[in-house]
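Visitor: Read off the chains here:
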Amino acid sequence: MSNVEKELDLGKIDSRQSMIDYLEGYALERKEELDQKKIRHGLLKSYLLETLDSPVPAEKRLPNVFGSVRVRTEPIGDGLHRVFDSDLQKYVGFLETVGERFAIFYTMEKSEDADRWVRNLVLSSPQLDHVWLSGWTFNALWKRLKEVSHPSRFVRIVFEHESIFQVDSEFESDSDEEEGEEREDTVVIVERRTSKFSLVDRIRVVADKLDRFQELYSPLYSITRLRFPSPVGQGGHEFFYNGKVTNRSNSFRDHRSHLLYVLDLYNKLTRQAEKITWYSVEKIPLQKGGEFQKLIGAPLTVLFHEPLDQDTFDHFISSTFQRVRNRFRLWGNPIKLGPKKVHVYGLDQHLWQPIFLEITDKHLMAIVPKGTCGNTIHRLVTNIQRYLDPAAKVVLGNQPYENLVQESISGR
Amino acid sequence: MNLEELVGDPLFQLNFILWQAQPLPVGMPFSIRALLNEAGYSVHSIALNLSLRPHLRADVEKKGVAAQHSASPDVILKKRLAELYVLAEAKTSSFSTSSSSASQARTFLLLQGDNLVEALGLAVGTQATGIVTYLMKSDQCAQMRNTLESLTKELKDGGFTCNEHCCLGLKAEPGIVKVVVETSDAKLLGLSESGEVKVYEADPETDPRPLYFIPFDPDVEQSSEEAAYAREALEQRVQSELIAAIGKVTPPTNIQLVADELLEKATWGMYRLWKSGDTRRHLRTRINEFVSKTLTDKVLVSDGRRCIQIASAEEKDEIIGILMRTKPESWRGAGAQLSFDELAENAEKPKGHA
Numbered sequence: 001m002s003n004v005e006k007e008l009d010l011g012k013i014d015s016r017q018s019m020i021d022y023l024e025g026y027a028l029e030r031k032e033e034l035d036q037k038k039i040r041h042g043l044l045k046s047y048l049l050e051t052l053d054s055p056v057p058a059e060k061r062l063p064n065v066f067g068s069v070r071v072r073t074e075p076i077g078d079g080l081h082r083v084f085d086s087d088l089q090k091y092v093g094f095l096e097t098v099g100e101r102f103a104i105f106y107t108m109e110k111s112e113d114a115d116r117w118v119r120n121l122v123l124s125s126p127q128l129d130h131v132w133l134s135g136w137t138f139n140a141l142w143k144r145l146k147e148v149s150h151p152s153r154f155v156r157i158v159f160e161h162e163s164i165f166q167v168d169s170e171f172e173s174d175s176d177e178e179e180g181e182e183r184e185d186t187v188v189i190v191e192r193r194t195s196k197f198s199l200v201d202r203i204r205v206v207a208d209k210l211d212r213f214q215e216l217y218s219p220l221y222s223i224t225r226l227r228f229p230s231p232v233g234q235g236g237h238e239f240f241y242n243g244k245v246t247n248r249s250n251s252f253r254d255h256r257s258h259l260l261y262v263l264d265l266y267n268k269l270t271r272q273a274e275k276i277t278w279y280s281v282e283k284i285p286l287q288k289g290g291e292f293q294k295l296i297g298a299p300l301t302v303l304f305h306e307p308l309d310q311d312t313f314d315h316f317i318s319s320t321f322q323r324v325r326n327r328f329r330l331w332g333n334p335i336k337l338g339p340k341k342v343h344v345y346g347l348d349q350h351l352w353q354p355i356f357l358e359i360t361d362k363h364l365m366a367i368v369p370k371g372t373c374g375n376t377i378h379r380l381v382t383n384i385q386r387y388l389d390p391a392a393k394v395v396l397g398n399q400p401y402e403n404l405v406q407e408s409i410s411g412r
Numbered sequence: 001m002n003l004e005e006l007v008g009d010p011l012f013q014l015n016f017i018l019w020q021a022q023p024l025p026v027g028m029p030f031s032i033r034a035l036l037n038e039a040g041y042s043v044h045s046i047a048l049n050l051s052l053r054p055h056l057r058a059d060v061e062k063k064g065v066a067a068q069h070s071a072s073p074d075v076i077l078k079k080r081l082a083e084l085y086v087l088a089e090a091k092t093s094s095f096s097t098s099s100s101s102a103s104q105a106r107t108f109l110l111l112q113g114d115n116l117v118e119a120l121g122l123a124v125g126t127q128a129t130g131i132v133t134y135l136m137k138s139d140q141c142a143q144m145r146n147t148l149e150s151l152t153k154e155l156k157d158g159g160f161t162c163n164e165h166c167c168l169g170l171k172a173e174p175g176i177v178k179v180v181v182e183t184s185d186a187k188l189l190g191l192s193e194s195g196e197v198k199v200y201e202a203d204p205e206t207d208p209r210p211l212y213f214i215p216f217d218p219d220v221e222q223s224s225e226e227a228a229y230a231r232e233a234l235e236q237r238v239q240s241e242l243i244a245a246i247g248k249v250t251p252p253t254n255i256q257l258v259a260d261e262l263l264e265k266a267t268w269g270m271y272r273l274w275k276s277g278d279t280r281r282h283l284r285t286r287i288n289e290f291v292s293k294t295l296t297d298k299v300l301v302s303d304g305r306r307c308i309q310i311a312s313a314e315e316k317d318e319i320i321g322i323l324m325r326t327k328p329e330s331w332r333g334a335g336a337q338l339s340f341d342e343l344a345e346n347a348e349k350p351k352g353h354a
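Note that the protein sequences, when read in sequence, are chains A and B.
For the first sequence, this note's numbering begins at 1 and goes up steadily by one.
For the second sequence, this note's numbering begins at 1 and goes up steadily by one.
Since the hints were made in silico from the structure, they are not lab data.
These numbers come from a predicted model, not from an experiment.
For every residue, glycine included, the Cβ atom is placed at its ideal position computed from N, Cα and C.
Among the hints, erroneous ones may be present.
[To be verified] Quick partial rundown of chain B residues pointing at chain A, CB under 7 Å, derived from the structure:
(1) Gly40
(2) Glu232
(3) Gln256
(4) Val258
[Claimed, not checked] Distance ranges between label pairs, derived from CB positions:
(5) A:Arg271 x B:Asp219: 52 to 60 Å
(6) B:Lys248 x A:Arg116: 21 to 29 Å
(7) A:Asp113 x B:Thr250: 54 to 62 Å
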């Protein structure tokens with residue numbers, strides 16, 4: 001099917017049922033092609049997006065958000081929209097709103113095009129962010145996966161950690177987040193710890209060994225992709241750290257069910273994180289009149305597994321705060337309080353929310369003022385595990401982040 | 001870095017108390033220990049004005065007691081699951097029984113039982129206990145205890161009932177901050193340890209100050225070094241709030257800039273409580289000047305109101321870029337007054353602070 005035919009097809013879809021039928025059929029065709037190793041069209045990709053918490057539901061806000069970047073959303077009812085890119089002059093997928101603050105963008109575009117499109121969309125709007133699945137979240141999801149999947153099924157886990165701050169070479173990469181080909185002839189080899197590999201094995205085998213491997217080699221805590229085996233057939237749903245999910249199963253409905261499951265736990269985790277960490281001096285009225293100032297909140301603390309050496313600390317600070325485009329999307333002017341200690345009364349550049357940081361060689365502590373989106377916390381944790389310290393312990397107040405993730409998954 | 005000055009600085013002490021009551025990681029290696037939170041305390045309020053009941057005020061007047069009719073402890077801490085309130089006041093040093101600080105201390109001591117219940121707005125009949133706690137340099141604590149003993153005796157001799165009192169000392173050595181607490185005081189507060197308790201540990205050359213919740217207070221006296229940090233923290237918070245306000249809008253639009261609102265946000269509402277009207281006016285002026293000078297042709301002044309005009313996404317990026325590149329490093333040690341002018345002059349200079 002040519003692009004034109006696909007576009008026409010998308011334009012004709014005008015109800016939830018027709019979208020489900022279309023994507024169900026699409027998933028089945030792609031799975032058959034995958035099995036025959038003759039993929040003719042892109043797999044279905046879903047991108048989990050987070051919008052700023054607001055009393056106005058995402059359903060009502062998103063058309064304006066997308067409209068500001070020349071993307072038209074055409075409602076087809078029931079929280080679903082066709083998505084038309086006015087610059088590309090074509091339909092690029094569907095958007096489904098989930099609750100008050102989440103949305104899923106479904107697309108069949110090529111992975112590199114879709115990744116770039118979503119990245120640009122998020123970069124262009126302070127009201128949108130990726131859903132950030134940290135290594136700790138993936139670890140908890142893996143534990144749940146073990147419980148709900150047959151032990152003889154295969155699981156795929158990708159571990160990625162790159163100590164980019166061991167040398168002063170941090171830059172914003174536009175590389176595809178999926179399997180990129182190594183360009184050995186053009187890549188400059190820089191000596192720093194880099195771990196990226198995938199593990200595919202039966203669940204029972206991985207379950208038996210992963211904990212011990214992680215204790216032996218800390219980059220294994222930095223899970224950046226996890227494939228849930230599909231219960232309705234072969235293949236599965238591959239979750240990426242930035243909320244991208246590839247459907248490698250033969251069912252769209254099963255795919256969507258997994259997306260909603262992860263969004264639900266992410267929502268619980270985000271709300272719990274905000275409840276704990278939001279700092280504010282609130283005016284509390286007194287019965288007899290007047291009011292008083294009450295300090296509410298708890299700091300976010302990241303305890304590094306091993307102290308950062310001087311070079312890594314310096315590069316982390318300079319790469320983050322002397323470059324407008326940095327991986328952590330933070331801005332601020334560090335106040336130096338020692339060789340390995342700075343304070344930053346800065347900003348989350350993506351959501352334009354203040355955040356105050358104390359960074360030393362042993363910890364990063366953040367004061368997150370009320371109203372700052374919990375996604376800032378997840379983005380921080382995800383990127384610290386991926387680029388700075390894969391085994392860093394994260395504590396909200398005095399509650400380990402791992403426990404909160406586990407509680408969100410357990411539904412407590 | 002002068003550690004003696006630091007631990008005697010009122011703003012450091014205020015933020016130190018607040019941090020001591022924060023929930024922090026426990027059971028894992030961490031360089032900061034929140035002794036008061038470990039004992040079950042959290043922050044009830046900051047700078048809450050507590051007034052004596054009318055009949056107590058009358059009694060105080062009748063007996064000629066040198067007490068204030070109302071006083072605001074820097075911080076009130078509340079113990080978890082108990083009606084126990086610590087009225088905490090930070091002081092650079094001890095004071096004599098004839099000073100104005102002693103009048104304030106008498107009021108804290110008198111705020112016990114039903115007086116405390118009413119002052120805090122608690123339900124009638126609540127059985128609340130108050131403990132007056134002073135935080136200061138450890139070498140001042142012995143003298144402070146004597147003062148508090150004298151004040152308590154004086155009040156009791158006059159037929160008044162008083163809160164219990166104690167003193168927490170602060171001691172700093174290179175890379176270490178300790179809370180010095182007498183055994184009896186530790187027992188009174190329910191702390192798990194007494195003596196010299198290490199609550200912060202870092203490399204010897206590291207400045208031990210924590211992030212400041214309350215970045216600035218024009219009503220306290222500070223050394224130039226301490227004032228420099230406070231100013232920089234406040235300036236950065238104002239700058240962050242300004243950039244955040246612009247970052248959130250969708251062009252084309254105009255943003256009305258209200259300096260009061262920026263300061264309110266940057267100080268988490270404490271700006272309203274500053275006694276110094278001059279400082280408030282001064283800061284408002286500086287912020288307005290800063291914006292006008294930094295964003296010269298983007299600011300429209302009409303009826304005394306300032307609007308930043310943002311015509312397009314490109315212009316928004318340009319404005320944010322200018323504000324981000326504007327570096328307030330010259331503010332540190334620049335004297336007693338905030339200088340947003342200097343900040344504006346540094347616009348577009350490359351960074352290199354850290």
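Visitor: It remains to establish, for every hint, whether it holds in the given structure.
Guide: How the hints compare with the structure:
| no. | hint | result |
| --- | --- | --- |
| 1 | Gly40 | violated, 12 Å |
| 2 | Glu232 | holds, 6 Å |
| 3 | Gln256 | violated, 17 Å |
| 4 | Val258 | violated, 17 Å |
| 5 | A:Arg271 x B:Asp219: 52 to 60 Å | violated, 38 Å |
| 6 | B:Lys248 x A:Arg116: 21 to 29 Å | holds, 25 Å |
| 7 | A:Asp113 x B:Thr250: 54 to 62 Å | violated, 26 Å |
Figure legend: structure checked against the earlier numbered hints; hints not met, in rising order: 1, 3, 4, 5 and 7.
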